[in-house]
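Asker: Given the structure of chain F, go ahead and fit chains R, C and X onto it with the hints provided.
One letter stands for each residue in the lines below.
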Amino acid sequence: MDIIIASFLEDSIVPKFNYWIYVILMMIGLYAMITKNNLIKKLIGMAIFQTAIILLYVSVGVKADANIPIISHHGEKDHVEHAQNENLDSASEASSHHGSKKEHHVIDKNKFANPLPHVLMLTAIVVGVSTLGLALAISQKVHGSFGTLEEDEILDQLRPGGYD
Amino acid sequence: MTDHLPILLLLSPLFGALVCVLFGKGNSKNAWIVSMISLGISSILSVFLLLKVLSIKAGDIRYRMGGWDPSSGYEVGIELRIDILAALIVLAVTLVGFINTIYSKTRVPAEVGEKGPFFYALIQLLIVGLCGIIMTNDAFNLYVLIEITSLTSYALIAMGNRRAALSSFNYVIMGTIGASFYLLGVGYLYIKTGTLNIDDIHTYLENENLWTSQSIIVAFILIMLGVWTKMALFPLHGWLPNAYSYAPSMTGTFMAPLMTKVMVYVMIRVMLWLFGADFVYSEDSVWSELIVWMSVVAIVAGSFLALARNDIKKMLTYLIIAEVGYMVGGAWLNSLTGQAGAFYHILSDAAMTFCLFIAASIVIIRTGESRLNAFDGLFRKMPLTMIGFTIGGLSMIGLPPTCGFFSKWYLISGGIESGHWEFVVALLFSSLINAVIFFKIFERAYFGKIKGIKEEVSVADIDMIPAEGIKSVPASMLIPLFISALSVLILGIMNKNLFSWISNALKMING
Amino acid sequence: MIWQFDIIILIFLVVTAVIALRVKDLLGASMVFGIYSFLICLLWAEMGAVDVAFTEAAVGAGVSTVIMIATVFSTTRRSKD
Amino acid sequence: MKFFGLLSVIIVGFLLLSATKDFPNWGDEDSPANSGPVSSFYIEKTEEKTKVPNMVTAVLADYRGYDTMFETVVIFIAGIGIIAVLRTYGSNESIPKNQVGDEGAGLLARMTCSLILPFIQLFALYVVAHGHHSPGGGFQGGVMLGASYILLALAYGLARAKSCFSEKRTLVFAALGIFIYVGWGVLCLVMGSEFLNYSALDSILPGGVEMARSHSMLAVEIGVALTVTAIMFSMFSNLSTKGRLDKGL
Numbered sequence: 001m002d003i004i005i006a007s008f009l010e011d012s013i014v015p016k017f018n019y020w021i022y023v024i025l026m027m028i029g030l031y032a033m034i035t036k037n038n039l040i041k042k043l044i045g046m047a048i049f050q051t052a053i054i055l056l057y058v059s060v061g062v063k064a065d066a067n068i069p070i071i072s073h074h075g076e077k078d079h080v081e082h083a084q085n086e087n088l089d090s091a092s093e094a095s096s097h098h099g100s101k102k103e104h105h106v107i108d109k110n111k112f113a114n115p116l117p118h119v120l121m122l123t124a125i126v127v128g129v130s131t132l133g134l135a136l137a138i139s140q141k142v143h144g145s146f147g148t149l150e151e152d153e154i155l156d157q158l159r160p161g162g163y164d
Numbered sequence: 001m002t003d004h005l006p007i008l009l010l011l012s013p014l015f016g017a018l019v020c021v022l023f024g025k026g027n028s029k030n031a032w033i034v035s036m037i038s039l040g041i042s043s044i045l046s047v048f049l050l051l052k053v054l055s056i057k058a059g060d061i062r063y064r065m066g067g068w069d070p071s072s073g074y075e076v077g078i079e080l081r082i083d084i085l086a087a088l089i090v091l092a093v094t095l096v097g098f099i100n101t102i103y104s105k106t107r108v109p110a111e112v113g114e115k116g117p118f119f120y121a122l123i124q125l126l127i128v129g130l131c132g133i134i135m136t137n138d139a140f141n142l143y144v145l146i147e148i149t150s151l152t153s154y155a156l157i158a159m160g161n162r163r164a165a166l167s168s169f170n171y172v173i174m175g176t177i178g179a180s181f182y183l184l185g186v187g188y189l190y191i192k193t194g195t196l197n198i199d200d201i202h203t204y205l206e207n208e209n210l211w212t213s214q215s216i217i218v219a220f221i222l223i224m225l226g227v228w229t230k231m232a233l234f235p236l237h238g239w240l241p242n243a244y245s246y247a248p249s250m251t252g253t254f255m256a257p258l259m260t261k262v263m264v265y266v267m268i269r270v271m272l273w274l275f276g277a278d279f280v281y282s283e284d285s286v287w288s289e290l291i292v293w294m295s296v297v298a299i300v301a302g303s304f305l306a307l308a309r310n311d312i313k314k315m316l317t318y319l320i321i322a323e324v325g326y327m328v329g330g331a332w333l334n335s336l337t338g339q340a341g342a343f344y345h346i347l348s349d350a351a352m353t354f355c356l357f358i359a360a361s362i363v364i365i366r367t368g369e370s371r372l373n374a375f376d377g378l379f380r381k382m383p384l385t386m387i388g389f390t391i392g393g394l395s396m397i398g399l400p401p402t403c404g405f406f407s408k409w410y411l412i413s414g415g416i417e418s419g420h421w422e423f424v425v426a427l428l429f430s431s432l433i434n435a436v437i438f439f440k441i442f443e444r445a446y447f448g449k450i451k452g453i454k455e456e457v458s459v460a461d462i463d464m465i466p467a468e469g470i471k472s473v474p475a476s477m478l479i480p481l482f483i484s485a486l487s488v489l490i491l492g493i494m495n496k497n498l499f500s501w502i503s504n505a506l507k508m509i510n511g
Numbered sequence: 001m002i003w004q005f006d007i008i009i010l011i012f013l014v015v016t017a018v019i020a021l022r023v024k025d026l027l028g029a030s031m032v033f034g035i036y037s038f039l040i041c042l043l044w045a046e047m048g049a050v051d052v053a054f055t056e057a058a059v060g061a062g063v064s065t066v067i068m069i070a071t072v073f074s075t076t077r078r079s080k081d
Numbered sequence: 001m002k003f004f005g006l007l008s009v010i011i012v013g014f015l016l017l018s019a020t021k022d023f024p025n026w027g028d029e030d031s032p033a034n035s036g037p038v039s040s041f042y043i044e045k046t047e048e049k050t051k052v053p054n055m056v057t058a059v060l061a062d063y064r065g066y067d068t069m070f071e072t073v074v075i076f077i078a079g080i081g082i083i084a085v086l087r088t089y090g091s092n093e094s095i096p097k098n099q100v101g102d103e104g105a106g107l108l109a110r111m112t113c114s115l116i117l118p119f120i121q122l123f124a125l126y127v128v129a130h131g132h133h134s135p136g137g138g139f140q141g142g143v144m145l146g147a148s149y150i151l152l153a154l155a156y157g158l159a160r161a162k163s164c165f166s167e168k169r170t171l172v173f174a175a176l177g178i179f180i181y182v183g184w185g186v187l188c189l190v191m192g193s194e195f196l197n198y199s200a201l202d203s204i205l206p207g208g209v210e211m212a213r214s215h216s217m218l219a220v221e222i223g224v225a226l227t228v229t230a231i232m233f234s235m236f237s238n239l240s241t242k243g244r245l246d247k248g249l
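Chains as they are written, first to last, in the working numbering: chain F, 1 to 164; chain R, 1 to 511; chain C, 1 to 81; chain X, 1 to 249.
Chain F extracted, bound-state conformation (with noise of 0.2 Å):
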C-alpha cells in the first residue's frame, strides 16, 4: 500500500505539484481580489496572486539535475572534474574536444538552470512592488478622505449624493 501511495506521489502529483499550487493559490489570491471588502485586503491578494504567476514562471526553468545559473568562475574543482571526463574518454573523443580545450570548460547546458524565467521574474517582482506601492499610496489618500478601508462603508458615504 505505502509503495502504491509512493508510487502514486511520484508519478503524477509531485511532477506537476508546482503547478497545482500554483493555481491554487492563484485561485486564492484572484478570490480575495474580488471580495474582499478592505482595501489592504484587496492589496494582499493582488501580491498573492502575483507571486503565483512568479511560481509558474520559475517553475518552467527547472531542470531535475541542475545547479544554479551562475558558471564557477574560478572552479578548480569543475575544471579538474572535466579533465578527469576528457581523461576517460580521451581515446574515443579526443578530437571532438579538440575545439573546446582553448576555453575553460565545455558548458554542459543540462547542469544549469534556465536563467530566462529567472530574469523575467525579477521584472514581475519589480513591477509587483511598484504597483503595490502606487496602490497602497492610492488606499492612503481614500482613507484620507473617506476615513475608512472598508469598501461598502465608502459606498454608503458616497450614495446619498452619488448619481452613477
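Read the hints as simulated data drawn from the structure, not as lab findings.
Only a predicted model underlies this, so the values are computations on that prediction, with no experimental measurement involved.
For glycine and all other residues, C-beta sits at the position ideal for the given N, C-alpha and C.
Watch out, some of these pointers could steer you wrong.
Stated by the list, open to error - Pairwise CB distance ranges (calculated):
| hint | chain 1 | residue 1 | chain 2 | residue 2 | range |
| --- | --- | --- | --- | --- | --- |
| 1 | R | G26 | C | F5 | 52 to 58 Å |
| 2 | R | I33 | X | L6 | 25 to 31 Å |
| 3 | R | N27 | X | G5 | 44 to 50 Å |
Unchecked claim - Chain R stretches covered by chain X per the calculated footprint, using a threshold of three residues with CB under 8 Å from any CB of chain X:
| hint | region |
| --- | --- |
| 4 | 193-202 |
| 5 | 247-261 |
Stated by the list, open to error - Just a few of them, taken from the derived set where beta-carbon distance is under 8 Å, the chain X residues facing chain C:
| hint | residue |
| --- | --- |
| 6 | G136 |
| 7 | F139 |
| 8 | V143 |
| 9 | A200 |
| 10 | S203 |
| 11 | M232 |
Answerer: Just chains R, C and X now, kept in the frame of chain F:
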C-alpha cells in the same frame, strides 16, 4: 540616423520626463515648455517614421536592441517591428499627446497645482509606454510596457478628487488582473514554445502544429481576457466610466482617446501576428462567432447605458464602451474589410473621442455643471466650442464628411461580406441611439434657456472645480479643439488612401 | 530539486496565504504576508533561482512588508474581513 | 458579489488546471522552454560573448537590457506617482529642532542600528558591484541600500534620515539613475550602432568587445541601483507620513 527613428521617438519623451522631474521645481510653466518640446520632437519623428515605412516596399522596419543577431533562427534579444499600422498609431498617439499638452496649459495649474511637473512627467512616460507597446515585437516586453501605461494612468487618475482616488483603486485591481492574465498567457506560450519573440512563437507553433494543444488554447483565452479587461469590453468594463470621468480633465482628454484604442491594436496584433489568422478564424472553432456576438452585446449595452446617463462625461465613457464593441467585432469578422474597418475605426475613434472630450471638458469647466443641462443655450454663448462638439457628435453618429461615417461603412460592409448580420444590425442600432443622444444635446444647445444658478448641490459637485463662468475660452483650449475637429474631417476625406494603406498592410500580415 | 522539501514549502505557502487573508488585524495580516514572502523566497532558492530569491527577500519580504505596515500605521488596523 | 467572485475564480482555476495536463513535468530537461535554442544560447554562449559568469545578470542587463530599462522606468513611475498622488505641501514641512529626538526607537535599537548600518551599506555596494559573479546586481543592491535608509528612519526618526537623503536628493538620484542607463544606450547610438549595443563601446573601454559588454553591464547596474535606492526610500517616507514627510512611524 533614420535607422534609429523608432528608438529616438521613445527617448525624447523619456528624457523630457526626467528633465521635468529634475528642473520642474513646482513650476508648471517650465514643465509645460519641456513637454511641448519633447512631444513635438516625438511627433515630428513619428511623421518621418510613417514616411519611411510607406517608402519601403518590404512592409516593415525591424530594429534589434543591443544588436543581437538571432541564434539558430530564434531572436535572443528584443526586437522592434514597425509596419504601416504601427506607424499610423504611433503618429496618432504622439499627436494626441502633443495637442493635449497644449490643452493642459491652463488646466494643470488650476487642477493639480504644484504637482504640475510630476503630471507632465507622468504624461510623457505614458506616451513612452504607449509607443513602446505599439512597436515592440516581444511578448514579455509588451507586458512591461503595459504595466508602464497602467501605473502612469493609475497615478494620473488618482491625482483628481476623492472619487477619482476610489475609481483609480478599482482600476488598479482590474488592471492588475488584466495584466496578470496577459502574463499568464505569455507564460503558457513560453512553456510550450521556449521563446518570447512574437514572430518566433508563431513560427514555432506553425512548425510543431500545436494549434490543438490545450495549453495554447488556454493561453489564447488568457491573453484575450487580459487584453479585454484592459480595453473595457462590455462585461469587463466596470472600471472605465468612473476612472475617466472623475480624473482631472486633462488626464481624461488624453486617456479616453488612446488607452482603449491601443489595447485594441494589441488585440489585433496578438490575433494576427502571434496566433495567426488560420487559428483565430479557423472553421472548427467557435471563437469568431462567439466573440462577434459578445461585441454585439457590448455595442447594444454600451449604447443603452450611454442613453441612460445624465452626466456628460459618463455618457461619453459609455459611448467609448460601445465603440470598443465596434472595433472588437470588426477585428473578429473574418473579412479583410472588417479588419481594415476596425483598424480605421481605431484612428477615427481616437480623433472623435478626443474632440468630444475636449469640448465636454470646456463646457463643464465653464458652466460648472457636469450634467446634460449644462448645454442649455450654449450655441449662443459658446458657439466655437459647440461647433467642435457638433463635428465630434456628427462623427459619432456617422454622417458623411466625417471619419466616423467611413469607418462605420467599412465595418458594415465587412459584416455583410462575412454574413454576420447581427453585427450590422447592432451597428445601425447603435448609430440610431447615438443620433438620439446627440440630437437631444444639440436641441438643448439651440433652444434651451441658460440657467442662472444650480438648484441642488450634490456630493459630487463639491469635489468639482468651481465654474469659471461662461466667458471667452482661452486659445490654449480652443486650438486643440479645432485641431481635433479638423482631424476628424481630414481622416474622413483621406479615407481612400488610409483604407488602401491599411488593407495592404493587413494583406501582408494575413499572407 | 528536492521534491519533498518543495512540497512542504508549497503546503506552508497555501496555509500562510489563507491566514494572511483571514486575519482581521491588518498589522497581523501584513506580518503573515511577510512570512509568506520569506517562504516563497526559500522555495526559489530551492529551485535554483538564486537571483529571484535574493530579490524576493529584499523586495517582497523586506520593502513590501515595511510599506504595507507603514500604510497600516498611518491608516487603520481594523478590518471587517 | 461573493458568489460571482467564487464562480469566476473557479472557472479560471479549472481553465488553468485543464492546461496543466499538457505541461512538461516539473524539472524536465527536455521541455521546449529548457532545451529550446534561446535558453541554450544563453547558457552556452553567455560567458564566451560577455565574460560574465552569472547568466541572469548577462541576460538582464545585455540581451534583454531594453526590458530592464523599462523596469527601472516602472520603479521611477511608482516613486513619482506616489509623490503625485499623496504628497501634500503643508505648512508643517519642518519640525522644530527640539522635537527631532522624539521620534524613532529606543536606545538599544539605535545602538544596534548604528553598529550594523555601515555593514549593510557596504554589503549592498558589494552586491551591486559583484553581480557579475554572484547572485545580485543593481536591483538587489539598490533595494538593500534603500532599506538601510529605511532602517535609519525607523531607528533615528525620519528627520535624521532626511538629513542624509532629502526629498530633492531622492528625485535627483532617481532621475540620475535612469539618465545613466538611457545615456549609456545613447552613447552606443552615438558610436554608430544600435541602442544598448555595448559592443560599440570597445574603442573607449579597455579589454575588447566582450569586456566592453561586461563593463557596460556594470555601468547600467549602477544606474539601476541609484534609481532603486532613491525610490525605495522615497516610497517609504511618503507612505509612512501620508505624504507630509514630517514625522515617521
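Asker: Hints first: check each against the structure and report whether it holds.
Answerer: Now the hints, each set against the structure:
1. For the pair G26 (chain R) and F5 (chain C), the supplied restraint of 52 to 58 Å holds, since their beta-carbon distance comes to about 54 Å.
2. Restraint check, I33 (chain R) to L6 (chain X): a C-beta distance of roughly 53 Å breaks the suggested window 25 to 31 Å.
3. The beta-carbon spacing between N27 (chain R) and G5 (chain X), approximately 46 Å, falls within the hinted interval of 44 to 50 Å.
4. Chain X is given as covering the region 193-202 of chain R, and this holds because 4 residues of the stretch bring a CB closer than 8 Å to a CB of that chain, at least three being needed.
5. Three residues within the 8 Å Cβ limit are the bar, and the region 247-261 of chain R against chain X gives 0, so the coverage statement is violated.
6. Because the beta carbon of G136 (chain X) sits about 6 Å from the nearest beta carbon in chain C, less than 8 Å, this interface hint is met.
7. Given hint, F139 (chain X) at the interface with chain C, holds; its Cβ is 6 Å from that chain's nearest Cβ, closer than 8 Å.
8. Because the closest C-beta pair between V143 (chain X) and chain C is about 4 Å apart, less than 8 Å, the hint holds.
9. For A200 (chain X), the interface hint is violated, the least distance from its beta-carbon to any beta-carbon of chain C being 27 Å, above 8 Å.
10. Annotation: interface hint on S203 (chain X) violated; nearest CB of chain C at approximately 31 Å, more than 8 Å.
11. For M232 (chain X), the suggested interface contact is upheld, since its CB lies about 6 Å from the closest CB of chain C, less than 8 Å.
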